[in-house]
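K.L.:
Same order as they appear, the protein sequences are chains W and C. Heads up: the first sequence begins at 1 in this note's numbering, then just goes up one per residue. Heads up: the second sequence begins at 1001 in this note's numbering, then just goes up one per residue.
Incorrect hints may have been included.
Said to hold, decoys possible - Simulated coverage check for chain C against chain W, where a stretch passes if three residues somewhere in it have a Cβ under 8 Å from a Cβ of chain W:
#, stretch
1, 1085-1097
2, 1251-1257
Stated by the list, open to error - Result set (BS3-like, lysine-lysine): computed pairs, CA atoms no more than 27 Å apart in a straight line:
#, chain 1, residue 1, chain 2, residue 2
3, C, Lys1181, W, Lys57
4, W, Lys136, W, Lys158
5, W, Lys136, W, Lys57
6, W, Lys29, W, Lys421
7, W, Lys158, W, Lys194
8, W, Lys57, W, Lys81
9, W, Lys421, W, Lys81
10, C, Lys1181, W, Lys33
11, W, Lys29, W, Lys62
12, C, Lys1181, W, Lys29
13, W, Lys62, W, Lys81
14, C, Lys1130, W, Lys421
If you're looking for bench data, these hints aren't it; they were derived computationally from the structure. The beta carbon of each residue, even a glycine, is placed where N, CA and C say it ideally should be.
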Amino acid sequence: MVGAINPAGAARWPAERIHALAPDPASLKAGVKLSSPGPWSEYGARSEAGLVGGACKGSGAKPYQVSAEFPDGAEGQPVYKCTCPSRKFPCKHTLGLLLLWSAGAVPEAGPDAIPARVHEWLGSRRERAERGEARKAAQEERAAAQAADPAAAARTEKAAERRAAQRIDRINAGLDDLELWLRDQVRSGLTGLKGAGYRPIDDLARRLVDAQAPGVAARVRALASCLSAPDWPDRTLAEFSLLHLLIQGWRHRDALPAPLAATVRRRVGLSLTAAEIAECGERVSDRWLVLGSRDLAADKLTERRVWLQGESGTRIAMLLAFAPNGQAPGLALPVGATLDAELAFAPEAAPLRAVLVEQRDLSTDPGRAPAPQGGTLDDAASAFAAALAADPWTTSVPAVLGSAVPLVGAGPGSWQIADAKGAARAALVAEVDGIEPSRADHLRHGLLASGGGHPAPLFGLYRPAGMNPITVWGDGRAASL
Amino acid sequence: MPDTTAETAVVGATVNPDTGDTAGEARLSALMERGGPPAAVGRWAELVSTALVGTDRRALSSAQPDGEDSQDPALTLLSLAAVAGLVHRVGGPPPRFDGALPRPAPADPRPPLPDPAARRLRAILDSYPKYLPQWLAAVRRAGYRLPAGFSPALLDLGRTNTLIRADLAVVLGAPGRWLAKASGNWKYILREARETLDEADWQGPDQDSRLAYVAGLYLVGPDAARRLIRQAWPQERVPVKMGLLALMSRHADPADLPFVESLIKDDSKQVRGEATLLAGSLQRRPGRPVPDFTAEIRRLLSVHRGIGRDLHNFVMSRSDEDWPEDGSVLLLDALAAHGERRDEPGWSSWIAEQVQTAVGDHAPVSVRDRVARLVADQALAAAAGEPPGADFGPVLVLLDFRRDMLAELSVP
């Protein structure tokens, strides 16, 4: 049933890419359940037109109508529509249909078989897109008009400057308060803070959120876990001193080299937008190997981090995507795939974050994943030291070990990673932010099973306390841990 | 290791004296210029203890920045800590590893599982765990090795699901046994039958391998296994005896009863307890053979009162085996005929659904086309305005899933 009209074709996606679209594991599970032909009727695809659609039997009398379109061809992100009331996006019906399509089980349909509703949807989507473009054009026109009218341009510029200055004032005031608070704690002794519970920390963090310094607020909130650690005096003082350093860096940011100033601004909470990074960042074109991916669930947002390694060097880039909880962050890059793309690196003291400027081709073959270029643990330690030298607030660096072997420990905390090439070892750090502790066991056992105890390439986050594994290569596969 | 370079680089990078940061505004910078880092580096412990009691109560001993009188001692402490802490955070070179590498997993010569089947396993683990036993049995027959990443999840499942253990042990093979040694929870797999029966396992010193040999012997010749147990019993130690009792209980045979009863006087309390339990279950075991599936279905359907609960109970009691085609067809026809008679007592729609699902789960996939016809007939009947009968759509979904699952594993 589905229809055409779209010139951009979409080759069938491998299942791994569709898995990466799922907003959460539960949706994927439910989607897999719907990925057999049974519940579907009137389904069909026009792959060369980038369209898939069908009707899925749900609990109600009326089947849900599902459509998916690849407006930019196979390399672009799909857009979808389902008549079900789920607030997950994409919903399980969409995932089920796409998985079915991926498996080659959705028959190709002629253009005459497009039901009216798909026409309607496509029409309204196109209309919306056109409206959006018209809005953009109007904006540009206005901007052009302003450029022609210096007075108006000056007015808008002034307003923007005023807003930015207001935020700077708020941050300044918030950091003044923070400095006063830090000073009072150190004057009266950290033991007092330890006895006071979380309340003062919480109040301070809220004050900093109001001051529009979310980066500092998050650091302050993390003080609570520093205070409950066994070595809390060391960790609390270390964190205090880093906050102090951040305040100093902020106050003297104009005197700092530009990349370090950008790092300080981001650590405070003034990140560059993706568009700004694309505009001013260093462009690097390469074939990038997808090293690993982690989703971190925060209060209202899910953050997806995807690490890439350039084929022509060993440079690592980190892409970021955010989505409200219940929706999938936009980066559907399966681990082990190779991405031909141009990236722009954020101009920072230790450049790591990057944005996709142009994506040309994504190739994936789960059975024959190319291995990354790996170094030794000493290389990782040097990379960490270099990153810390450039950005004193660094907590860990992404690193690839060329031949790592897990060393089974007697207890969960005593596992280690041996570097067979560099004759060094590091603790296996299994804690993962925002993930339940039982995951730690999965991480260790998955690493041992997938690597088979052979020296294997391993990607993870290195810090002096140990290595947190993310992906291991073995038997031709890249296994996400 | 670049400790010192990192530290001086931070100092240089953080507040660069050359970039015009003058007039003493940057306290940190001032601190650095006085050659702060080397002095601060060794002072971490002192800084921590001072911070703990507070600078109001204890002054920093030395290296107080003179000059800037405005500098608060608390802030001086934090500045010093930022420098001294850096050395802690940058860490040293990783410790050396000069031991021998641990023994890796033995190679598995079997061909790798095809990709569609690997995706199917993901789907089974996530959404259809009830088909795992069937799938494992099919993989075992086909002789594939699994992607190693699945092993931990499967070994975890085998802890509680004893039904899959025998197939799982063979499918995971030697690499699985290698992996199982890493967790105390997975040791059970070492006591399951191996891919080949090797008498050296029985003669060797390893208890798990010896029990695995007996488990394998039970599969090829239960009588030989029983003879071996009786013969070896007096010399065995308690852990082996417990393992043998577990095997006897898995392959329960009323003929074992006299032998098991004789064990109730064993020296070990543990063995006595286990033997008593096993003897009890052997005594309770009905002597009569399990009825033939198809014949029993036919009998229950012909007895009018048998439709409903009795049929349901019988069907559920046979839910750990594959059903013959003729019996499954009888059930399907009965479901199609009785589905509409919602008012008939004892034939609730709940029971009908349960039996339907059981057909989807256990009938041979050869009945799939028959079910597809039923679905088509129903659509025609509904189009003609007839009242809706039992809905076979869900059964078709299950059969399709199992058909594809088995097709992916058939060796070309």
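K.L.:
List, from low to high, the hint numbers that the structure doesn't satisfy.
P.N.:
2, 3, 5, 6, 7, 9, 10, 12, 14
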